[in-house]
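Could you build all of it, start to finish, from the sequences and the hints given here?
Each chain, letter by letter, is given below.
There are 2 protein chains.
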Amino acid sequence: MKKHNFSAGPCILPQEVLKKASEAILNFNNGGLSLIEISHRSAPFVEVMENARSLALELLGLENKGYSALFLQGGASLEFLMVPYNLMKEGGKAAYLDTGTWSSAAIKEAKLLGNVEVVASSKDKNYNYIPKNFTIPSDVDYFHCTSNNTIYGTQIKEFPTTDGLLVCDMSSDIFSRQLDFSKFDLIYAGAQKNMGPAGTTLVVVKDSILGKTGRTIPSMLNYQVHISKDSMYNTPAVYAVYVSMLTLQWLKDLGGISAIEKINEAKAALLYNEIDNNPLFTGTAAKEDRSNMNVTFLLNDESLKARFDGMWKDAGISGINGHRSVGGYRASIYNALPLESVQVLVDIMQQLNK
Amino acid sequence: MKKHNFSAGPCILPQEVLKKASEAILNFNNGGLSLIEISHRSAPFVEVMENARSLALELLGLENKGYSALFLQGGASLEFLMVPYNLMKEGGKAAYLDTGTWSSAAIKEAKLLGNVEVVASSKDKNYNYIPKNFTIPSDVDYFHCTSNNTIYGTQIKEFPTTDGLLVCDMSSDIFSRQLDFSKFDLIYAGAQKNMGPAGTTLVVVKDSILGKTGRTIPSMLNYQVHISKDSMYNTPAVYAVYVSMLTLQWLKDLGGISAIEKINEAKAALLYNEIDNNPLFTGTAAKEDRSNMNVTFLLNDESLKARFDGMWKDAGISGINGHRSVGGYRASIYNALPLESVQVLVDIMQQLNK
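Protein chains in written order, with my numbering: chain A, 1 to 354; chain B, 1 to 354.
Where hints are given, some of them may not hold.
Identical chains share a label here; the pair holds if one copy fits it or two copies do between them.
To be verified - Computed cross-link-like contacts, DSS-like style, restricted to lysine-lysine with a CA-CA straight-line distance of at most 27 Å:
{"#": "1", "residue 1": "Lys206", "residue 2": "Lys89"}
{"#": "2", "residue 1": "Lys123", "residue 2": "Lys229"}
{"#": "3", "residue 1": "Lys123", "residue 2": "Lys2"}
{"#": "4", "residue 1": "Lys229", "residue 2": "Lys111"}
{"#": "5", "residue 1": "Lys108", "residue 2": "Lys229"}
{"#": "6", "residue 1": "Lys20", "residue 2": "Lys3"}
{"#": "7", "residue 1": "Lys123", "residue 2": "Lys108"}
{"#": "8", "residue 1": "Lys125", "residue 2": "Lys183"}
{"#": "9", "residue 1": "Lys354", "residue 2": "Lys123"}
{"#": "10", "residue 1": "Lys313", "residue 2": "Lys3"}
{"#": "11", "residue 1": "Lys252", "residue 2": "Lys20"}
{"#": "12", "residue 1": "Lys111", "residue 2": "Lys89"}
{"#": "13", "residue 1": "Lys229", "residue 2": "Lys183"}
{"#": "14", "residue 1": "Lys3", "residue 2": "Lys19"}
{"#": "15", "residue 1": "Lys206", "residue 2": "Lys125"}
{"#": "16", "residue 1": "Lys354", "residue 2": "Lys157"}
{"#": "17", "residue 1": "Lys212", "residue 2": "Lys123"}
{"#": "18", "residue 1": "Lys65", "residue 2": "Lys157"}
{"#": "19", "residue 1": "Lys212", "residue 2": "Lys108"}
{"#": "20", "residue 1": "Lys212", "residue 2": "Lys111"}
{"#": "21", "residue 1": "Lys212", "residue 2": "Lys2"}
Keep in mind the hints are simulated off the structure, nothing from the lab.
See the structure below:
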């Protein structure tokens, strides 16, 4: 039976990517060896890394605009530390917007290195909305926000302007919608949503903002060190970078971000429309802040739960149980999830109402 | 044609591991989904992580001895920073043995956090031997060494005793030979030699040594944080951990470290014997310090180089060019490399002498 994979991450990847990714484990580029048993300094892998880095910049419209793309390790969680290390001056200050678990974790690490001002938080309503109309102090080194909040199903639609640098954790919605990415000074994203498997993190950084903090930065935490070595300062996560490259190539072939954005909007509209019109369900996120990646909703009548759960399981749906912080359901509809899978879920929601 | 993969790392992995690893990309555990598109919190992956952690301890003979095994990201290079962060007291001191590029890199990062005493170095002879008879000050928090030096083909045979903690980077020879691993307080190793693909790092640490430095340690750099979350503080490098688990299981099925050690000794003896008896070749490492993992040697007569290179390429051999710091050749004969491949190389060396 066909599976409909709504996992919040690591999440669904395109089938054609998985096919190539599986082949490369046995015989990479017809060289008779596995991709994971050759040197990362060999020409075939250096080409993979360079392709991945340029595809990332190209898809974001940031080629030849003074940005570098890096594929690092440690996930967004290590970026929570690297960002202040590289951007917060000694004795400096940073502003953070608190929109959930991951923002809070980023704030915690930044506080180890300097002054952090939390300019706004939606914690008062279990993070079910994006704070607006807050003021960012003019003297901060940077402002940090999380573009999409996987757990709570919220997404920033308008990014604020700031006198400092604009830094964004786009782990769960990068490459899913068109933005003017050149407004951002630093973007980072764990690969395991729209980009590839867990194990690598994309960092896109404007070169000119680096080297200005006066700090001594440990080598592995220093973006300039990684840039100077073309993202190969140490052995990279070879396989995760390769599958990311395949996924970025798939997206490019599909027409890039503007093409996938239309598909993502159609999927989100289909599902939110059902939630709003079906009396059995309620969305948990404020309507104007709803995420086009993670759709969170409650079943109003708990007595229907066993029946609903049985129905979607029978239909081959997986990964839609809500996060424990919110409860209910969460349908993650990332780039690689076909509209067809959303239709299957919507059909079941309609049948439940009959 | 069969390939003989002497790559220094990432390096050869067992064929049966690669076969399973390839299948898991398409259909993991017959669940209809790829291993790389399911949640790392799902039961099937939690089982993989737990298996990998216990296999590591079991193979090292460290089960129920107060050690934890972690599969982290960032390679040995990030451990160069994590070790002093977790083990060097504020105002404390550490002793390091300098046996090459990787020791030097570890020393550099440790110096950012405190006093580092380099107790001995073999830099004077391009690291072609292991220093001996050095004194480790009694007041150090820990002593750090690199058990095997991939680039120079040297390997520590006898580990010193120290009043401080004993810390070892075993990236390139872990699981290759029997040692009393309980003598070590902390062992770390990038996976990409004897354990799996690049992208994860095994850390085996005695729990009782942690939490004693008085430092505030960033979350991602704190071993206690990772231990408290069963090595899942953040999304782990799912695929690299899975392939490591398969490789550790392969080693266990083979009879564990004592079994592979015999095979490794036979491979090394075959090749070193040829180097010593064939007048066309010279080994570069001091005999008593020769590595059983990386065999470095020179071709005495450069005019034979084109012929020799043609011969081993024709035989399907790859990955034996020496590192630029040493020149000549380096045959890496890690756990998964069959004796047959070494025999093919030795046959060519003998033919070159006819």
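(request) Find the hints from earlier in the document that the structure breaks and name them by number, from lowest to highest. (result) 3, 8, 9, 15, 16, 17 and 21
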